[in-house]
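Input sequences plus hints: build the corresponding full structure.
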Amino acid sequence: MSEVLAFQQVSKSYPASAGGVREVLRRVDLRVDGGRVVALVGRSGSGKSTLLHLAAGIDAPTSGEVRLLGRELGALTDGERTRIRRDAVGLVFQFFHLLPHLPVLDNVLVPALVAGDAPGPAEARARDLLERIGLGGRERDPVQKLSGGEMQRVAICRALLRRPRLLLADEPTGNLDEESGERVMELLLRLAREEGSALLYATHSREVSELADEIWLVHAGAVEPLARALEPA
Amino acid sequence: MISYAARAVAARLRAAPGLFALAVLGVALGVGAVLSIQLLNANALAAFRGTVRAVSGDAALSIVPVAASLDEALLGKVLPQRGVAAAQPLVRVEVALADRAAGGLDVLGVDLLSPRAGPSALSGVDLAEALGTPGWIAVSRRGAERMGWSVGSRVAASAGSRRVELVVGAIADFDRVAPGASARLALMDIAQAQALLGERGRLQQIDVRAADGTDVADLAHRLSDAIGPAARVVTPEQRQSEAEGLLSAFRLNLTALSAVSLLVGGFLVHATMQAALVRRREELGVLRCLGATRGQVLGVILADAALLGLAGTALGIPLGTWAARASVGAVSGTLRNLYLLEGIDEVRTSPGMIALAVAVGLAGAIAGALLPALDVARRDPRALLASLTLEEPAAARRVRHAAAALAIPAAVAALILGLAPEWKPGGFVVALSILAAVPLAAPALVAASAWGPRPRTLSVAYGARTLRAHLRATALAAGALGVAAAMLAAITVMVGSFRATVEDWLGSTLRADVYVTTLSWRRGRGEAGLDDEIVRRLAARPEVRRVDRLRQVPARSRGQRITVSGFDSGVAAEQGGRVQLVSGERASALREVAREGAALVSEPLARKRGLRVGDRLPVDTPAGEALLPIAGVYADYGSESGAALVDLDRTLPRLFGRGPVTNVALELAPGADVDAAVDRLRRELSGEALLIRSNRALRADVMAIFDQTFAVTRLLQLMTLLIAVAGVLLALLVLARERQAEIALYRALGAERGQIFRLFLGRALGIAGCGLVLGAAGGAGLALVLVRIVNPAWFGWTLALHWPWAALASEAIVLLAAAALASIYPAARASAAPATELSRDAL
Numbered sequence: 002m003s004e005v006l007a008f009q010q011v012s013k014s015y016p017a018s019a020g021g022v023r024e025v026l027r028r029v030d031l032r033v034d035g036g037r038v039v040a041l042v043g044r045s046g047s048g049k050s051t052l053l054h055l056a057a058g059i060d061a062p063t064s065g066e067v068r069l070l071g072r073e074l075g076a077l078t079d080g081e082r083t084r085i086r087r088d089a090v091g092l093v094f095q096f097f098h099l100l101p102h103l104p105v106l107d108n109v110l111v112p113a114l115v116a117g118d119a120p121g122p123a124e125a126r127a128r129d130l131l132e133r134i135g136l137g138g139r140e141r142d143p144v145q146k147l148s149g150g151e152m153q154r155v156a157i158c159r160a161l162l163r164r165p166r167l168l169l170a171d172e173p174t175g176n177l178d179e180e181s182g183e184r185v186m187e188l189l190l191r192l193a194r195e196e197g198s199a200l201l202y203a204t205h206s207r208e209v210s211e212l213a214d215e216i217w218l219v220h221a222g223a224v225e226p227l228a229r230a231l232e233p234a
Numbered sequence: 002m003i004s005y006a007a008r009a010v011a012a013r014l015r016a017a018p019g020l021f022a023l024a025v026l027g028v029a030l031g032v033g034a035v036l037s038i039q040l041l042n043a044n045a046l047a048a049f050r051g052t053v054r055a056v057s058g059d060a061a062l063s064i065v066p067v068a069a070s071l072d073e074a075l076l077g078k079v080l081p082q083r084g085v086a087a088a089q090p091l092v093r094v095e096v097a098l099a100d101r102a103a104g105g106l107d108v109l110g111v112d113l114l115s116p117r118a119g120p121s122a123l124s125g126v127d128l129a130e131a132l133g134t135p136g137w138i139a140v141s142r143r144g145a146e147r148m149g150w151s152v153g154s155r156v157a158a159s160a161g162s163r164r165v166e167l168v169v170g171a172i173a174d175f176d177r178v179a180p181g182a183s184a185r186l187a188l189m190d191i192a193q194a195q196a197l198l199g200e201r202g203r204l205q206q207i208d209v210r211a212a213d214g215t216d217v218a219d220l221a222h223r224l225s226d227a228i229g230p231a232a233r234v235v236t237p238e239q240r241q242s243e244a245e246g247l248l249s250a251f252r253l254n255l256t257a258l259s260a261v262s263l264l265v266g267g268f269l270v271h272a273t274m275q276a277a278l279v280r281r282r283e284e285l286g287v288l289r290c291l292g293a294t295r296g297q298v299l300g301v302i303l304a305d306a307a308l309l310g311l312a313g314t315a316l317g318i319p320l321g322t323w324a325a326r327a328s329v330g331a332v333s334g335t336l337r338n339l340y341l342l343e344g345i346d347e348v349r350t351s352p353g354m355i356a357l358a359v360a361v362g363l364a365g366a367i368a369g370a371l372l373p374a375l376d377v378a379r380r381d382p383r384a385l386l387a388s389l390t391l392e393e394p395a396a397a398r399r400v401r402h403a404a405a406a407l408a409i410p411a412a413v414a415a416l417i418l419g420l421a422p423e424w425k426p427g428g429f430v431v432a433l434s435i436l437a438a439v440p441l442a443a444p445a446l447v448a449a450s451a452w453g454p455r456p457r458t459l460s461v462a463y464g465a466r467t468l469r470a471h472l473r474a475t476a477l478a479a480g481a482l483g484v485a486a487a488m489l490a491a492i493t494v495m496v497g498s499f500r501a502t503v504e505d506w507l508g509s510t511l512r513a514d515v516y517v518t519t520l521s522w523r524r525g526r527g528e529a530g531l532d533d534e535i536v537r538r539l540a541a542r543p544e545v546r547r548v549d550r551l552r553q554v555p556a557r558s559r560g561q562r563i564t565v566s567g568f569d570s571g572v573a574a575e576q577g578g579r580v581q582l583v584s585g586e587r588a589s590a591l592r593e594v595a596r597e598g599a600a601l602v603s604e605p606l607a608r609k610r611g612l613r614v615g616d617r618l619p620v621d622t623p624a625g626e627a628l629l630p631i632a633g634v635y636a637d638y639g640s641e642s643g644a645a646l647v648d649l650d651r652t653l654p655r656l657f658g659r660g661p662v663t664n665v666a667l668e669l670a671p672g673a674d675v676d677a678a679v680d681r682l683r684r685e686l687s688g689e690a691l692l693i694r695s696n697r698a699l700r701a702d703v704m705a706i707f708d709q710t711f712a713v714t715r716l717l718q719l720m721t722l723l724i725a726v727a728g729v730l731l732a733l734l735v736l737a738r739e740r741q742a743e744i745a746l747y748r749a750l751g752a753e754r755g756q757i758f759r760l761f762l763g764r765a766l767g768i769a770g771c772g773l774v775l776g777a778a779g780g781a782g783l784a785l786v787l788v789r790i791v792n793p794a795w796f797g798w799t800l801a802l803h804w805p806w807a808a809l810a811s812e813a814i815v816l817l818a819a820a821a822l823a824s825i826y827p828a829a830r831a832s833a834a835p836a837t838e839l840s841r842d843a844l
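These protein sequence lines map, in sequence, to chains A and B. Here our numbering is used: the first residue of the first sequence is 2, the next is one more, and so on. Here our numbering is used: the first residue of the second sequence is 2, the next is one more, and so on.
Everything labelled a hint here was simulated from the structure, so no lab data went into it. Possibly wrong hints are sitting among the right ones.
According to the in silico footprint, chain B covers these stretches of chain A (three or more CB under 8 Å from chain B) [claimed, not checked]:
#1 4-14
#2 23-33
#3 100-108
#4 116-130
Pairwise CB distance ranges, derived in the manner of DEER restraints [what the hints assert, rightly or not]:
#5 A:Arg141 / B:Thr256: 48 to 54 Å
#6 B:Ala801 / A:Gly121: 52 to 58 Å
#7 B:Ala397 / A:Glu81: 46 to 52 Å
#8 B:Leu817 / A:Gly20: 48 to 54 Å
#9 A:Gly80 / B:Leu817: 50 to 56 Å
#10 B:Leu817 / A:Gly75: 38 to 44 Å
#11 A:Glu225 / B:Thr837: 21 to 27 Å
#12 B:Val400 / A:Arg141: 18 to 24 Å
#13 B:Leu817 / A:Asp142: 33 to 39 Å
#14 B:Ala397 / A:Asp142: 18 to 24 Å
#15 A:Gly20 / B:Leu311: 36 to 42 Å
#16 B:Ala405 / A:Arg44: 54 to 60 Å
#17 A:Asp30 / B:Thr837: 20 to 26 Å
#18 B:Val400 / A:Gly197: 47 to 53 Å
Remember, predicted model here, so these are calculated numbers, not experimental data. For every residue, glycine included, the Cβ atom is placed at its ideal position computed from N, Cα and C.
Written as structure tokens, this is what we have:
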């Protein structure tokens with residue numbers, strides 16, 4: 002299978018408030034192939050979100066290489082990184098980040114708006130996605146009227162609108178109750194597989210992580226396959 | 002609580018210095034506008050008061066002529082009166098300097114031997130030299146500095162058509178005895194003044210000093226009885242009050258205009274406080290949970306606003322002083338040319354003015370903050386802690402506000418025009434209701450701007466069409482801009498209408514080819530006339546087909562200053578020019594003027610005094626009050642205080658005695674080259690002090706004075722516009738700040754920096770577009786009120802409504818460009834925001 006995302010010896014540190022630096026990720030190696038579902042598990046503050054930000058080109062590594070669809074993100078300008086994110090990456094956030102002043106359909110259409118896609122096909126695609134996640138007929142509803150689970154389903158439609166090669170989801174069930182979380186994960190995995198998108202998601206839930214093809218543990222800045230992490234030292 | 006408020010303000014300043022600075026700028030510009038106008042108003046009156054004091058010293062009473070001058074024999078009737086300690090005769094002559102641009106001197110002929118006359122400002126003068134040197138004058142210190150004169154300087158000048166040479170013999174320190182006195186004042190020996198500049202045996206004033214213990218009112222009565230109707234007795238206070246009355250409309254209009262700047266500044270404070278309170282709601286909620294009362298919360302917020310007001314005032318005071326100083330030339334020109342009063346030489350501030358500025362700044366800031374402060378203070382702690390976003394106005398409220406925006410001005414206009422059409426302030430009340438309607442209509446208009454399909458790319462158009470999503474901030478900015486644009490448009494239309502009307506008026510009344518007068522005719526009194534010989538020489542020239550003469554006499558009518566002019570009514574009847582009647586039948590009116598001693602009254606005089614054709618105009622003459630039948634009302638835009646025209650040869654001498662004409666209009670033979678004729682006349686009459694202008698040059702001079710009159714208005718417009726553009730900048734900064742998470746989301750979803758930049762540019766243009774629509778609607782209404790109600794009521798002028806489309810279009814373009822410029826900083830700031838700013842609880 003072809004490589005979609007690869008981290009090679011990636012480190013990321015931030016200036017610490019008391020001076021010095023705080024190393025969040027340390028020499029990370031990670032590869033996500035097309036169509037694969039990869040889970041990142043780890044405690045809060047372990048560096049999962051930072052890793053996803055680096056994967057999306059939102060943030061830049063302190064050292065090492067992040068390769069997305071064969072292109073080294075560090076070698077790209079901000080504009081090029083933005084365009085590759087726009088065209089190849091879909092993002093799902095823990096807190097949904099829907100725009101409160103837009104109705105459901107328009108929220109799903111925001112990536113098309115940003116990319117300047119032709120409105121007709123984009124709208125048809127958005128309606129199709131909403132239909133597939135069970136929100137057909139609620140296109141004009143204000144997003145504030147949706148439940149948490151429904152909001153995250155809308156956010157998943159938004160992430161998939163432009164058929165990204167890579168879906169990145171940061172704690173997609175972290176703000177939902179157990180039942181809603183399960184249904185959202187089920188939908189996310191189903192849609193990712195149907196669309197042929199690779200999915201890299203972060204979670205602190207063992208149950209949610211077990212839905213993935215591969216599980217990586219993020220701990221104290223290091224990232225390694227969970228199986229290896231569980232091996233006795 | 003006070004120390005808490007202080008710490009909170011400091012924290013807010015550190016967190017958002019830009020927003021604070023913009024609000025401070027808004028207050029500063031508003032305070033500056035108000036202060037500059039009040040300074041100009043106060044200094045105009047101070048200049049008049051100072052000049053009266055410099056001229057008359059501590060005289061309790063002044064005797065002034067009802068027309069041009071007094072017979073000096075009158076002194077003999079004044080001195081014997083019981084209670085008169087001293088009576089000082091004064092000659093006062095307007096002298097034009099040969100350098101026309103330098104203006105003129107107000108020469109006082111005084112008895113230099115008298116210790117209590119004007120010379121109290123003089124010291125160390127060699128009296129023998131002063132009396133013996135022809136043309137000896139003492140000039141003011143500031144006048145000498147301005148003109149580069151020193152003792153011994155020789156000054157070429159003229160009085161009427163006589164050329165004279167003056168010699169600077171001394172520098173008088175008028176400021177020491179009368180602060181604010183005109184720098185144009187100069188002293189001369191009275192006998193020299195009569196001989197060189199005035200008329201032998203004639204005076205312009207007698208100042209009376211009352212003996213200790215004298216009842217001044219009683220003395221005034223007795224003097225009035227003694228001197229008869231040729232003169233009137235006035236106190237310095239009466240003269241001051243007359244000047245205030247003359248200037249009342251001018252001062253009120255400028256004050257109203259400056260208040261609009263303050264109003265727009267208040268919007269900025271409102272927007273800033275609203276944005277700050279969104280961020281502080283949680284903090285205030287915690288305070289309330291911990292036991293702070295609503296009053297304490299209100300106090301904390303208003304203390305914040307007061308600090309903002311004080312900071313704005315601190316900046317506004319130097320700004321206002323600068324604006325006043327920058328406008329002195331234009332205002333002085335208006336005072337001198339239009340009102341024939343003293344100009345302002347120097348702008349002086351006073352503790353009272355500083356106190357006014359502080360009061361205005363504080364009141365404006367607190368008024369701007371009051372609504373958001375009350376809104377937050379009335380909420381319970383739970384509500385404050387629950388929501389961290391602004392509640393956008395509900396659709397129903399928007400509709401109610403829009404309905405009120407239409408209903409309020411309509412109702413106010415109907416009430417005032419229906420019930421009290423003669424009530425002078427009515428126009429201002431209607432104007433205020435229109436200005437209030439503009440921001441009320443803003444939310445509905447901004448919401449309506451989103452109608453139709455939404456643009457499908459993150460572009461300028463998208464930014465402009467999605468203002469509705471952030472209605473509170475954008476509607477406020479659009480409303481503020483709308484008020485400023487309405488004022489800008491209304492003043493432009495009013496000035497354009499005025500200009501077009503004056504041009505039409507000049508076109509129909511200035512029919513002659515060449516106009517001849519003296520350099521000092523405009524401010525001159527009886528002495529600024531043309532010698533009869535000059536008039537005869539002009540009439541005898543071969544290229545001159547007809548001569549039309551005018552003699553202007555300053556007069557009074559029932560306590561009001563007017564100008565009575567004698568004109569060749571026969572020539573006017575033949576020629577068709579000179580007068581444009583707005584009431585009365587032209588041929589019969591001119592016939593009545595020529596044969597029956599009737600008068601034509603100017604429109605401002607007729608309107609202010611309620612005079613109509615068939616009524617009688619009372620005019621004070623040396624022989625007592627004359628009642629002139631009114632044969633017509635004519636259009637006149639040259640004088641606000643009022644004027645009347647009578648026949649030059651029959652009526653005017655009957656009223657005021659014989660005297661020189663002041664202006665001559667020459668109609669040349671058909672085909673004559675006007676410019677060549679003007680050059681020839683100037684050459685041949687170079688020995689006389691004359692102002693010879695072609696019809697075209699005269700019109701250009703009149704229009705230059707017209708434009709000068711509205712220079713201050715332009716400055717006020719500019720200040721208001723600056724505040725409004727600062728409002729756009731502020732709204733965008735608030736959006737960039739409050740919507741950081743939204744912008745970060747766009748960036749996370751792949752929006753390029755350029756797209757975010759264009760989004761903000763679109764928002765600025767959208768706000769400006771809404772402001773322009775509101776401004777156009779409000780401006781049209783305001784323009785109608787100014788042209789149709791305020792001008793006739795306050796100034797007495799009827800103006801033809803004229804829409805200067807080109808000027809209005811260029812103002813709209815400037816406004817859009819200014820808004821686009823204002824968007825650059827917030828747009829750059831927003832577009833630089835990284836996607837990692839997407840905080841967990843945002844959106």
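Structure-based check of each hint:
no., hint, in the structure
1, 4-14, "violated (count 0)"
2, 23-33, "violated (count 0)"
3, 100-108, "holds (count 5)"
4, 116-130, "holds (count 6)"
5, A:Arg141 / B:Thr256: 48 to 54 Å, "holds, 52 Å"
6, B:Ala801 / A:Gly121: 52 to 58 Å, "holds, 55 Å"
7, B:Ala397 / A:Glu81: 46 to 52 Å, "holds, 48 Å"
8, B:Leu817 / A:Gly20: 48 to 54 Å, "holds, 49 Å"
9, A:Gly80 / B:Leu817: 50 to 56 Å, "violated, 28 Å"
10, B:Leu817 / A:Gly75: 38 to 44 Å, "holds, 42 Å"
11, A:Glu225 / B:Thr837: 21 to 27 Å, "holds, 25 Å"
12, B:Val400 / A:Arg141: 18 to 24 Å, "holds, 21 Å"
13, B:Leu817 / A:Asp142: 33 to 39 Å, "holds, 37 Å"
14, B:Ala397 / A:Asp142: 18 to 24 Å, "holds, 20 Å"
15, A:Gly20 / B:Leu311: 36 to 42 Å, "holds, 39 Å"
16, B:Ala405 / A:Arg44: 54 to 60 Å, "holds, 57 Å"
17, A:Asp30 / B:Thr837: 20 to 26 Å, "holds, 23 Å"
18, B:Val400 / A:Gly197: 47 to 53 Å, "holds, 50 Å"
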